[in-house]
Every structure is written in C-alpha cells, then in structure tokens.
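Using the sequences plus the hints, can you model the full thing?
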Amino acid sequence: MLFNSYVFMLLFIPVTLMLWWILGKYPQLRLLMLVIASYLFYGWNHWEFVFLLLVSTVVDFAVGQRLDEEYCDWKRRCWLAISLISNLGMLGYFKYCGFFAESINAVSQFLRTGDAVQLPDVILPIGISFYTFQTLSYSIDLYRRQVKPARSLLHFAAYVSMFPQLIAGPIVRYKDIEEQINALPQRIDWSLASQGIWFFVIGMSQKIILADTAATIANPLLDNPEPMQFFAAWLALLAYSVQLYFDFAGYSNMAIGLGLMLGFTFPTNFDSPYQANNIQEFWRRWHITLGTFLRDYLYIPLGGNRYGRWLSMRNLLIVMLLGGLWHGAGWTFVLWGAYHGLMLIGHSVYRTHFKFTIPRPLAIAVTFLFVIYGWLWFRATSFQMATDWTLSLIGRHGVELRLLHEVVSIGDLVALISALSICWFLPNASQMRRPLTIGGAVITAGLLCFCILRFDVESPFLYFQF
Amino acid sequence: MSSVKVFDKLKIPDAVNSFSERFVVRYWCSEIAPKQFCKLFGLILVTGLAAIATLNFIVDPYAQYATGILPPVVQTTRIEKVAALSAMPDAPCGLILGSSRVLKIEPEYLKRQTGFDFYNAGVNYARPEDILAIVRFIESSKKNLPKICIMGLDVAAFNETIPPDERLIANRQLRPFASEVMSIENRLRTLTDLITFKQTKSSISSIAANLSGSENIPHESFQTDGLIVYHHRECEIKAGRYDLRSAIDYNCREYLGFFDDYPRLSALRCHLLDLAIEKLTSSECEVYLFLTPNHPELASVLTEKTSFRDREHDLEQFCRDLAQQSNVHFENLSDLASFEGDSNDFVDAIHPLEFNTRLMMNRLFGVKHLVGQQTQETLDVIQ
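These protein sequence lines map, in sequence, to chains A and B. Position 69 of the first sequence, counted from 1, bears residue number 69 in my numbering, the numbering being contiguous throughout. Take any residue in the second sequence, note its place counting from 1, add 1000, and you have its number in my numbering.
By construction, these hints were calculated from the structure, which means they are not laboratory data. Heads up, a few of these hints could be off.
Calculated cross-link-like contacts (lysine-lysine; reagent style DSSO-like; alpha-carbon spacing at most 30 Å) [as the list claims (entries may be wrong)]:
| no. | chain 1 | residue 1 | chain 2 | residue 2 |
| --- | --- | --- | --- | --- |
| 1 | B | 1305 | A | 95 |
| 2 | B | 1238 | B | 1111 |
| 3 | A | 25 | A | 148 |
| 4 | A | 175 | A | 148 |
| 5 | B | 1039 | A | 25 |
| 6 | B | 1279 | B | 1111 |
| 7 | A | 75 | A | 175 |
| 8 | B | 1142 | B | 1111 |
| 9 | A | 25 | B | 1035 |
Below is the structure:
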C-alpha cells in the first residue's frame, strides 16, 4: 500500500489510528492490532510476501532468545551465523540472484560459450532490504549484548513490521524503540500528534508537489532513447537529483510523522544533505540511518580507522561498494558506491594534506556537483546510458535546445529552480518551527487536501525498488 | 456593531492598527494548544474534502453520477457509445468492437458490402474487459445480440502491467459488467474520483464554460453510426498541412512505454476475450477477429527495441486457437502488407484512415459476405 493512495489515506490510517488509541489500556491487543494492520499494509499488493516477513521475524526472534540465554561463545557465534545466513540469504536470493546470473552470463557470452545459467524469474519483495537490515541489527546487538531480547514475539513482530517505516525506512534499530514498545503511551500525546501531522504533511508535500513535478521533467528526457543534448542532460540531472531527494526525504518525513501519531519517535533520516560542504558531511546528512548502520555493523568491525590510513581507506571503499550494492542489484550501483568511496578517500587525503579552507558557498556547490554526478550512475539503467549521459553533460551530443521545447515548459523550470532553492536555502522539516497557530492548521490542512487530490496519478516511491 | 468595533473590544495592542493586521494577529498567527491544532486540522481537512466532493458530485463533469445538473464538459467515447447503444430499440445487426484504432471502420461501407446495419462501438484504449463489458451491456439491455461482430485487437491491450482503463472503471453503466477487473481500489473509484485533481479541474472548467456560455468545440466527434470524425486533423489533412511525422514520433514514444515491461500475454485478458467471444458465438453471432495495423515506422521501432514481435506472435497464436475452437474468423492485419495498405493513410502511427480500413475489411471478409453472394432471403430475415 502506498502512503499516497486513497485507500491508505481515507481508510487505512483513520481506522488504524482510531483503533490504536481506543485500545489504549490494552497494550497486547494494541500491538496485535498494529501487527495485523502492518501485515495488511505490506501484503496489500502482493500478499505472498507477508510469509517472508513472518519467517524473517520468527527466525530472528528465536535466534535472539537463544543469543540472550546462551553463554558459550562458539554457540552464540553459531546462532548469530544462523541469523546472518537467513537474512542475507533471503536478501541474496530475492535481490541478487538475477544480478549474479546476468553477470555470469555476460562473462560466458564474452568468452563465447553462450548463457551459462538460466535467468531466475524472481520478483523483488518490496522493502526487503530495509526489514532484513532491521532484524539483522537486532541479532548483532543481542550478540554484542547491547540490547535485551524482545519481551515477546508480538513485541518483536510489532518492531519489525511497524508500517510507517517498514518499506523504505528509516532503518530503526531495536534499541531505538525498545523502551517505547515496552511502555506504550495509553493516552494520545497531542503535542506529539501535532508534530506528527506536521512531519507527515511536509513529507507528503515533498513527494507530491516537489518530487513528482521534478519527475515530470526528468522522466521524458531520460526515457527518450536518443542521446540528450547538453542542456537537456543537465536539466535531467538536476531534476532527477531533486526528485530523488524529495521522494526519499518525503517518505522518511511521512514515516516519522506517522510514528509520532502512534506515539513512537523514529530517528531522523535526512538533514538537508544538499547543504553539505564536503562529501563526508553529505553522508552524515543523507540516509542517516543507513550510514550509521554501515558504520556500526561494517566499517567499525572491519577495523574502522584504527589500523592506519591505508586500511582505513580500504574499509571506506568496501563499505561504499557494499552500500552501493545494497541500493540496487546492478553494476551501475556498484560503480556509484565505488565513486562515493573514492570521493570519501579523496576528501580524507585532502583533509590530511591541505590546510586551506574553501569558502562555504563554493564548497557546497562543488559537493553538490560531485553528488549529482553520482546520481547519474544511480539512475542509469546501463553503462551505455551512463556514458551517453556523461558525454551529453560535456556537450559531446550537441548543445541544441530543440528537445527542451518539446518536453519542458517555463512552469517546469520555475518549479525546478524553486525546488533547488528549497534544498539549498530553507531549513528542513525538523529544523522548521512547527506552526501551532490557526493559520498553520489552515495551511497544513490545505496542503494535505491538495496532495490528496493528486493521488489520482499513481506514483510509487523511488526507494521502493531497493 | 461593526467588525472593527469588535476587534477594539478584544484589546488588540495599539501598535496593530489596520483591520487586516488585527485579523492576522488575533486569528491567523495566534498560538493554539496542540490538541486544538489537531482538531482544527482534522476539521478543515474533512470540510475541504467534503466541499470538493460535493462540487464534483453536483457538476459531475464526466457524467459518472447522473446528477445531470450541468452538461458533462468532457465526453468520453464510452459515455457516448453507451448512450447511443441505449437509445437503440434493438441490438445493431452488425457491431464493430475494439479500441480507437477501429473507429474509422465505416458502418456505411460495411453495409454496402454485407447488407447489414453496423454500429461502430469502438472506444479509446479498449482492452478485452471493455469488449466483454460492452457485449454484456448489450445482452442485458437488449433482447438480442448482433448477428455479426468485427473485433479489432491491439497487442498492447494484453499487457497485464497496464491496468484497466479508468474510463471503464468510472462508467456507471459499463462498470457492473466488468466485475473481473474490479479490485477493491477500483470499486472505491466511484468515491475517490470525487476528490481527484482531474475531476475538480474539469468541474471548474464546466462551471466556467456554463457561466460564460462558451461552446466547447470538440477535437473529434461521432456520427450516428459511431464513426469518428477528427475535425481538426481531417481539415489539416485536406489542406495538406498535417504533420504526420510528429504524430508518429509521439506514438513511438508512447508505445515504447506500453511494451517496456511486457513479458507475456495477460492470462486474465485472454480469458475475458474468450468469454466475450463465447457469449457472441453462443447466440449465433458471426465473429471476425483481427489484429489492428501499425504504421511501418512504429512497427520497426517496436520490433527493434521491445518484445512487440514476440507478443504479437503470442496473440496471433492465441487468436488462431480461439478461431479454431469457437469457429470465428481471424486475420492478422498488423502489417500493412497483409492488406496492401497505404502508409500515408494514417492519422498517426496507430489510427488508419478510411482507405486503409476499407482494405482491411475487404481482406477480413474476402468474398464471403459480398452482397452479391447473400441470398435475398437471408437479407430479408436480417433486415
């Protein structure tokens, strides 16, 4: 089910919120209701994937109990291995087996031996990358004895399946939410609820008004099979950068808002990333929960920066390569990860050897350019498209404005410039002062009303494919 | 008491002078408790949506709710064709079914060829569910079904990733006859359509058009026999100004999207076509199936870049099997060469004009239904 659908907005969310607060005195019943609602939400379009979620939940809950009870080191390692194998195995099969098969076939075709393996017909279950990371973090934290096990399967199922953040994050760790699940507020906290409304409406507006408008500029340019001209290539790149940011940040804000309406506080996921003045800061501001996940469960276990500069650089590159692969099963994503890894290494070298500071506006502009060039690899469906697009950016396919006239209006351009200005100059949803005024209520309700009218055009979130 | 005096009594700071400033300070910017904020937000949201829904229900720009207060500002082929079929005392002897690609098949020409009165019931973006819904609609509203039916099928219409056309879902007369494609979301459409941007925009246009008394000149309209007339485009073609190239380019872009993700024919849509044909043949209707033609340039683009030829082959095979089982006639007219068509006699890359449709019908019927070969007795019975 999509947040930006009539079923969700007119039926699912009013009924769920009403039941959640009516059952205030019965915590078990509330958790059960939340789990049922979340499974309904998840299985709305593909009910068969609900079983996958259920299996992942049951396995990690059982492993978690064992990890807590067991004191023998090697047995604990075995239990952790079971969790890792089941989660990564599931992710590997559903997300990566097609990619690996295609890669093997590409090599065998290069060697002129024909297709080596048959391509599997596997559908990617929505949100699998997010919830497997959550259950994985639970097992690892229990192994490290950083959290206590969930009180019951119901508590754990509620944590894993909680519908606001189930499909596209933020990646919530059990320790972030443990106390909140164990001590559910019985009565509605109006202050949290009003904040929730604010975050939800801001997120919905980012998606419907900004991201979808940017998509109307980027998609026709990128779907055209002909190579783009110079201006079209830059316009498509800027529009896609805006679309991706507002699409994903919008989803995260909506998830945070829905969590607040239910009385839960989720971690922040975006902090105006396009205002970052270097690439390291960008990764502290973009998809924060994934960044901290990779830092705590991959970079630090690999040694972090404790064993000298070269190993630190190697670790950075491994983390970013795997981060790229997490985003999508394709070589363009791997290259995108490698590109960011190299930029982080470059920044680290620069910081060590060069002491002069670039003026902040210039640093922001340079970082932005580097980041958006990375999005080109993120969006490209093939090497051919990425190289064509890169050549277009330097004018190798001409500099005519012809195609622009056909697909982009002045209104679109104004909308794009406005959206970029919002990225660069305005505070984000967490930084803005929440308008608890009559005018604020009117504007917020009006914005949501307008967004609901636009639900007639189905527009899934970009991060659903990851 | 004037409103200014009311504000005076509310002890607004002296520095705030004008009425508008007082309004802003007193109401718009005044802080409220979070609970009040939430309640006010909910109230405004519900009221706003209810107001928009009421406006759209009353204006009913797509004639979905039959309020009939204002004439619908936007006619769709389904509304017009259903209205025309409803007005007929009996089912037409001959029926043409399919998408907008069949809309230039002339009932008059077919009458000359076969002796039957035809009605062209083609509708935009028709998929098998539309064909079945129209057949069921005729069956339920008339006592008989047609004696002869010509059915044009588009390869793109069998792509399961393309949902049922929203104009079928919105059509209150056809909707009950397309129950197979009515998901929960589609069933809710009657309600949710009331709060869509498209509907609201059309409602406002409708009111504006009625207030200004301006007449909406349609780009196309239908004759009484269902044949389409492309007003602007036909004028331009006659004047030699028509830009066929741009129209073809547009279709190429559009159809690349339709065939982008099309790994197999939709089993449901094949089943629905089967049902429609079974219904027609069981009432002794003679059915003529054909695959609609594409402009050679579109066919070449699709062949090069998509799975078009594979799916065309699948659909052809399916139709041939169907033809064998149900005793219907089938021709693949997808390629212009199959009926010796003219690549210039198109409105765009998918809509053939009269010259081509006549050739198509000649090819489809062969010599079997030429008037000369019909016995007077048969004609009398049918007429």
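Restraint check for residue 25/A with residue 1035/B, where alpha carbons must lie at most 30 Å apart: Status holds; Cα separation ~20 Å.
Holds or violated: residue 1238/B to residue 1111/B, with C-alpha atoms at most 30 Å apart: 26 Å, holds
30 Å limit on alpha-carbon distance, applied to hinted pair residue 1142/B and residue 1111/B: 22 Å, holds
Hint consistency between residue 25/A and residue 148/A [alpha-carbon to alpha-carbon, up to 30 Å]: 24 Å, holds
Distance restraint between residue 75/A and residue 175/A, which requires alpha-carbon spacing of 30 Å or less: Given that 30 Å is the threshold and the Cα spacing comes to 23 Å, the pair holds.
Restraint check for residue 1305/B with residue 95/A, where alpha carbons must lie at most 30 Å apart: 26 Å, holds
Hint consistency between residue 1279/B and residue 1111/B [alpha-carbon to alpha-carbon, up to 30 Å]: Holds: residue 1279/B and residue 1111/B sit about 24 Å apart, inside 30 Å.
Satisfaction of hint between residue 148/A and residue 175/A, Cα-Cα up to 30 Å: 8 Å, holds
Proposed proximity, residue 25/A with residue 1039/B (alpha carbon, max 30 Å): 23 Å, holds
Checked against the numbered hints listed earlier, the structure breaks none of them; every hint is satisfied.
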